[in-house]
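Chain C: place on chain X using the hints.
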Amino acid sequence: MPQPTDLLFYAFAGLTLLCGFLCVANPLSRNPVTSAMFLVLTIVSMAGLFVLLHAFFLAAVQVLVYAGAVMVLFLFVIMLLDLKEEERRKLRKVTVGLGAVAVAAIAGILAKAVSGAVPFGGDKLVEGGTKPLGRILFTQYLLPFEVLSILLLVAMVGVILLSKKDLK
Amino acid sequence: MNAGLHHYLAVSVLLFSLGLFGVLARRNLIVIYMGLELMLNAANLALVAFSRFNANLDGQVMVFFIITVAAAEVSVGLALIVALYRKRQTAHVEDLTSLKY
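Residue numbers (the numbering used here), protein chains in the order written: chain X, 1 to 168; chain C, 1 to 101.
Extracted from the complex, chain X is given alone in its bound form (with noise of 0.2 angstroms):
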């Protein structure tokens, strides 16, 4: 008798797999605002697999970073370049047969290295909220974290600078 919650991983899981597929490879459309709102249910449905690893916190960031944040860049990007003309042209069957080959043989080593990982925690199972995660955040983590503050910094400066109409 399958428990609930493995219900609720297949359905996640079924849900992220599909609408993955159909962000990069849809075949009714080629409209990148299709695959951005796409890719905003994979990043929903991955959310749901965080809250089932029972990593909380993650998964709120998840949904406000990526389903918020990121989400918005690229459909303002994309709505900002007039991409219509992008639609019409033709895929090469040639590309994406080779792509498939190179997709495959990767997936491969991948699967053949994933298959052999043991779970070596035993029976105990980490509880990912956020008293935990902001506890090794601040101790342990303490110096990436401030780095990372600097990196945002950085990018910020860089995306001004890049947007400017003309550099001087």
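Hints in this document: simulated from the structure, not taken from any laboratory.
Check each hint, because a few of them may be wrong.
Straight-line distance between alpha carbons at most 20 angstroms, and here's what the computed EDC-like set of lysine to aspartate or glutamate pairs gives [claimed, not checked]:
1) X:Lys131 / C:Asp95
2) C:Lys87 / X:Asp82
3) X:Lys124 / C:Asp95
4) X:Lys93 / C:Glu73
5) C:Lys87 / X:Asp166
6) X:Lys93 / C:Glu94
7) X:Lys164 / C:Glu73
8) X:Lys93 / X:Asp82
9) X:Lys165 / X:Asp82
10) X:Lys165 / X:Asp6
Chain C side only, calculated, beta carbon under 10 angstroms to chain X, not exhaustive [claimed, not checked]:
11) Ala3
12) Tyr8
13) Ala25
Ideal placement from N, C-alpha and C gives every residue a C-beta, glycine not left out.
Below, chain C without anything else, positioned relative to chain X:
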């Protein structure tokens, strides 16, 4: 059948393959970027699964860092695409061949 480490890793591998296929097969720069995001997310899923089943919180901290770096990466990349579009009026990789010849 209980959903264990291998189930999550299988989803992660499949999602990574989808992202890679998107990067290799599509020709629109923005959709290629979405493929990159899918690959990063697949890596995140694998890290969270390892973190949960190995009873160690370090993986989740790494995912937190990856999400932040991905946000910075997306903003810089999209700004580059906009700058490129302004100069060349295209966001299509086959039109960008000035380094090729």
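Hints versus structure:
Annotation: proposed proximity of Lys131 (chain X) to Asp95 (chain C) is violated, straight-line Cα distance about 50 angstroms (limit 20 angstroms). Distance restraint check for Lys87 (chain C) and Asp82 (chain X): the Cα-Cα separation of roughly 14 angstroms lies within the 20 angstroms cut-off, and the hinted pair is therefore satisfied. Among the hinted pairs, Lys124 (chain X) with Asp95 (chain C) is inconsistent with the structure: their alpha-carbon atoms are about 53 angstroms apart, more than 20 angstroms. Using a Cα cut-off of 20 angstroms, the hinted pair Lys93 (chain X) and Glu73 (chain C) is violated, with the two alpha carbons roughly 31 angstroms apart.
Among the hinted pairs, Lys87 (chain C) with Asp166 (chain X) is consistent with the structure: their alpha-carbon atoms are about 11 angstroms apart, no more than 20 angstroms. With a C-alpha separation of about 15 angstroms, the suggested pair Lys93 (chain X) and Glu94 (chain C) falls inside the 20 angstroms cut-off, and the hint holds. At roughly 18 angstroms between alpha-carbon atoms, Lys164 (chain X) and Glu73 (chain C) fall within 20 angstroms of each other, so this suggested pair holds. Of the supplied pair hints, the one linking Lys93 (chain X) and Asp82 (chain X) is violated, its CA atoms being roughly 26 angstroms apart against a limit of 20 angstroms.
Proximity of Lys165 (chain X) to Asp82 (chain X) is assessed by CA-CA distance (about 18 angstroms); at most 20 angstroms being required, the pair is judged to hold. Distance check on the hinted pair: Lys165 (chain X) and Asp6 (chain X) sit about 53 angstroms apart at the alpha-carbon level, beyond 20 angstroms; violated. Satisfaction of the interface hint for Ala3 (chain C) is found here, the shortest Cβ-Cβ separation to chain X being roughly 4 angstroms, below the 10 angstroms cut-off. For Tyr8 (chain C), the shortest C-beta to C-beta distance to chain X is roughly 7 angstroms, which falls under 10 angstroms, so the interface hint holds.
Taking 10 angstroms as the C-beta contact cut-off toward chain X, the hint placing Ala25 (chain C) at the interface holds, the least distance being around 4 angstroms.
Violated hints, listed in ascending order, are 1, 3, 4, 8 and 10; each of the other numbered hints is respected by the structure.
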